[in-house]
Amino acid sequence: MNIHNIANHLNELGDNSHTGFQFDCYPIDGDVEVLQVNVVGREEIPVFVSVTDNQILCISYLWGEDEVNQERRSEMFETMLELNIPMPLSSFAKIDDKYVVYGALSVQSSMEEIEQELSVLSDNCLEVIDELVDYLK
Amino acid sequence: MGILNKILTAFRGGATEVGQGIVDANSTRIFEQEIRDAEKHLTKAKRDLTEVMAKEMQASREVDRLKRAVAEHEGYVAQALEKGNEALALEVAEKIAELDQELNDQQSANESFSAHATRLKELVRKTERQVTDYQRQLTMVKTTESVQKATATITDSFAGSNSKLLNAKDSLERIKARQQSFDDRLKASETLAEENSDKALHDKLAEAGIGEQKSNANAVLDRIKARKG
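Protein chains in written order, with my numbering: chain F, 4 to 140; chain V, 508 to 736.
Hints are computed from structural coordinates only; laboratory data are not their basis.
Some hints here could point you the wrong way.
[Claimed, not checked] So the derived list for chain F, only partly shown, Cβ under 7 Å to chain V, looks like this:
1) Gly44
2) Arg45
3) Phe51
4) Thr55
5) Glu68
6) Glu70
7) Ile98
[To be verified] Pairs of lysine-lysine residues, derived as PhoX-like cross-links and limited to a Cα-Cα distance of at most 25 Å, are as follows:
8) V:Lys513 <-> F:Lys97
9) V:Lys547 <-> V:Lys628
10) V:Lys513 <-> V:Lys633
11) V:Lys562 <-> V:Lys676
12) V:Lys513 <-> F:Lys101
13) V:Lys547 <-> V:Lys633
14) F:Lys97 <-> V:Lys574
15) V:Lys590 <-> V:Lys602
16) F:Lys101 <-> V:Lys656
17) V:Lys676 <-> F:Lys101
18) V:Lys553 <-> V:Lys602
19) V:Lys602 <-> V:Lys574
20) V:Lys551 <-> V:Lys602
21) V:Lys676 <-> V:Lys553
22) F:Lys101 <-> V:Lys683
23) V:Lys562 <-> V:Lys649
24) V:Lys562 <-> V:Lys574
25) V:Lys547 <-> V:Lys649
26) V:Lys562 <-> V:Lys551
27) V:Lys706 <-> V:Lys694
28) V:Lys649 <-> F:Lys97
29) V:Lys683 <-> V:Lys694
30) V:Lys574 <-> V:Lys551
31) F:Lys97 <-> V:Lys547
32) V:Lys683 <-> F:Lys140
33) V:Lys513 <-> V:Lys656
34) V:Lys649 <-> F:Lys101
35) V:Lys551 <-> V:Lys656
36) V:Lys649 <-> V:Lys513
37) V:Lys676 <-> F:Lys140
C-beta atoms are modelled at their ideal positions from N, C-alpha and C, and glycine is treated no differently.
Using the sequences plus the hints, can you model the full thing?
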C-alpha cells in the first residue's frame, strides 16, 4: 500500500464511489510522500494521506493556534475531549501549532475502507468546525 | 524512562524543525539493531527450548521404563526367595541396585531438564514481551517523525504555490455557500420540472375538453340560449 495506489483508485473512482463523494488526488513530493485528497466541493479543507510502515494516516487541518480565542482555549479542549469518542473513526490531535482531526488505518485496509475513512473524516471536519467555531476568533 | 516522555521532551524543546529528529537517525538505527538482536536471541531460545523439552520427555520415558524394570525385578526376588534360592535372589537384588542407581540418575536429569525448560520458557516470554515493547516504541518514534516530515512537506507545498490553507471559518463558509448554491439550484430545477409537468398535464386535459375551458363565442351563445329557453 502506498499513496500512489490510493491516488489511482480514488481518481479512477469518478462517479462510482461508495460514499457519494468525488475525490481529486495530488501527490506532494517531499521527505515523506503525502497525498493531498480534495473532496469535490470541499476543496478548502483537504485531507492529507501518508503511509508509514504499519499505518495509513489521514489528516485534516482544522485551525491554527492563532485562530483560537485564547480565553476559551481550555473550554475548547474540554469540548474536543468530550467529542473525541462520539466522533466516528476520527480523533483530535495537534501538530506543531495546528489542530487537526485524523484517522489511522492499518496498511492492510481495503480501498473501500480508505474511501470511507476519507469521507467520514471530511464530514467530521465540517461538523467540528461548525460546532466549535465559537471558540475561534 | 518511557519513549512518550522523550517525544514530549523533544516537542517542548522545539525539535520540530525538519532534519531535527525526535531521536537522531543514528540512535533509531541502533534501536532497530537491538530489536533484530533480541529477535535473534528469541529464535535461539525457542530452539533451545524445543531441544530441552524433547530431552525432558525422553528422560521421563526412561524413568518410567526403569521404574517398571525395578518393580519387575522385585517380583523376581520375591519368587526366588519363595523357592528358597537365596543366591539367585541376591543376584537379582544386585541388578535392582544397579537399576535404582540408573533411575536416580535419570530422575535427576529429568528434573534438571524440567528446570531448564521452565527457565527458557520464562526467558522466551520476557524476550517476546521486550521485542513487542521495543517495536511499539520504535513505531511511536517513526510515526512522530513521519508526521512531522509530512507536515513539513504539506507546509512547503502550500508555501510554494499560490493556494494556501484558509482559516477554518472562511473555509467552512465557502463550503457551506457552495453547498447552499448547489441546493438552491437543485431546488430551482426541481420546481421548474414540477411546473413543466403540471403545465403539460393541464394542456392535455384542455385538449381533451376536461377542466376549465377557454370561453368562446359558441359557448357564450349556447349559455344565453339556454337561459332564454
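We went through each hint and held it up to the structure:
Hint status for Gly44 of chain F relative to chain V: holds, with the closest Cβ pair at about 6 Å, below 7 Å. A distance limit of 7 Å between C-beta atoms decides the matter here; for Arg45 of chain F the minimum to chain V is near 5 Å, and the interface restraint holds. With its C-beta approaching chain V no nearer than about 6 Å, Phe51 of chain F sits inside the 7 Å limit, and its interface hint holds. Interface restraint check: Thr55 of chain F against chain V, minimum CB-CB distance 5 Å, threshold 7 Å, status holds.
Look at Glu68 of chain F: its Cβ only gets to about 12 Å from chain V, farther than 7 Å, so that hint breaks. Interface restraint check: Glu70 of chain F against chain V, minimum CB-CB distance 5 Å, threshold 7 Å, status holds. At its closest, the beta carbon of Ile98 of chain F sits 5 Å from a beta carbon of chain V; the interface hint therefore holds under the 7 Å criterion. Proposed proximity of Lys513 of chain V and Lys97 of chain F is supported: the alpha carbons are some 17 Å apart, at most 25 Å.
With a C-alpha separation of about 16 Å, the suggested pairing of Lys547 of chain V with Lys628 of chain V holds against the 25 Å cut-off. A hinted pair counts as satisfied when its Cα atoms are at most 25 Å apart, and Lys513 of chain V with Lys633 of chain V qualifies at roughly 24 Å. For the given pair, Lys562 of chain V sits about 73 Å from Lys676 of chain V by alpha-carbon distance, which is inconsistent with the 25 Å threshold. For the given pair, Lys513 of chain V sits about 21 Å from Lys101 of chain F by alpha-carbon distance, which is consistent with the 25 Å threshold.
Between Lys547 of chain V and Lys633 of chain V the CA atoms are separated by roughly 14 Å; this keeps the pair inside 25 Å, and the hint holds. Between Lys97 of chain F and Lys574 of chain V the CA atoms are separated by roughly 71 Å; this puts the pair beyond 25 Å, and the hint is violated. In summary, the hint linking Lys590 of chain V to Lys602 of chain V is supported, as the alpha carbons are separated by about 19 Å, within the 25 Å threshold. Straight-line distance between C-alpha atoms of Lys101 of chain F and Lys656 of chain V comes to about 15 Å, which keeps the hinted pair within the 25 Å bound.
Restraint check for Lys676 of chain V and Lys101 of chain F: the C-alpha separation of about 14 Å stays at or below 25 Å, so the hint holds. Using a Cα cut-off of 25 Å, the hinted pair Lys553 of chain V and Lys602 of chain V is violated, with the two alpha carbons roughly 40 Å apart. Taken as a hint, the Lys602 of chain V and Lys574 of chain V pair is honoured in the structure, with Cα atoms around 13 Å apart against an allowance of 25 Å. Restraint check for Lys551 of chain V and Lys602 of chain V: not satisfied, since their Cα atoms lie roughly 42 Å apart, outside the 25 Å limit.
With a C-alpha separation of about 59 Å, the suggested pair Lys676 of chain V and Lys553 of chain V falls outside the 25 Å cut-off, and the hint is violated. Among the hinted pairs, Lys101 of chain F with Lys683 of chain V is consistent with the structure: their alpha-carbon atoms are about 22 Å apart, no more than 25 Å. Simply put, Lys562 of chain V and Lys649 of chain V have alpha-carbon atoms about 43 Å apart, too far for the 25 Å limit, and the pair is violated. Taking the CA atoms of Lys562 of chain V and Lys574 of chain V, the gap is about 18 Å. The hint holds against a cut of 25 Å.
Taking the CA atoms of Lys547 of chain V and Lys649 of chain V, the gap is about 22 Å. The hint holds against a cut of 25 Å. Taking the CA atoms of Lys562 of chain V and Lys551 of chain V, the gap is near 17 Å; set against the 25 Å cutoff, the hint holds. Distance hint between Lys706 of chain V and Lys694 of chain V is fulfilled; the C-alpha atoms sit about 18 Å from each other, no more than 25 Å. For the hint linking Lys649 of chain V to Lys97 of chain F, the alpha-carbon distance of about 17 Å falls within 25 Å, and the restraint holds.
Distance restraint check for Lys683 of chain V and Lys694 of chain V: the Cα-Cα separation of roughly 16 Å lies within the 25 Å cut-off, and the hinted pair is therefore satisfied. A hinted pair counts as satisfied when its Cα atoms are at most 25 Å apart, and Lys574 of chain V with Lys551 of chain V does not qualify at roughly 35 Å. Between the alpha carbons of Lys97 of chain F and Lys547 of chain V the distance comes to roughly 38 Å, so the proposed pair goes past 25 Å and is violated. For a cut-off of 25 Å, the pair hint linking Lys683 of chain V to Lys140 of chain F stands: about 19 Å separates their Cα positions.
At most 25 Å may separate the alpha-carbon atoms for a hinted pair to count; Lys513 of chain V and Lys656 of chain V meet this at roughly 18 Å. About 20 Å separates the Cα atoms of Lys649 of chain V and Lys101 of chain F, which keeps this hinted pair within 25 Å; it holds. Between Lys551 of chain V and Lys656 of chain V the alpha-carbon distance is near 38 Å, which puts this suggested pair outside the 25 Å criterion. With a CA separation close to 13 Å, the supplied pair Lys649 of chain V and Lys513 of chain V stays within the 25 Å bound.
Of the supplied pair hints, the one linking Lys676 of chain V and Lys140 of chain F holds, its CA atoms being roughly 9 Å apart against a limit of 25 Å.
Violated hints for the displayed structure, listed by number in ascending order: 5, 11, 14, 18, 20, 21, 23, 30, 31, 35.
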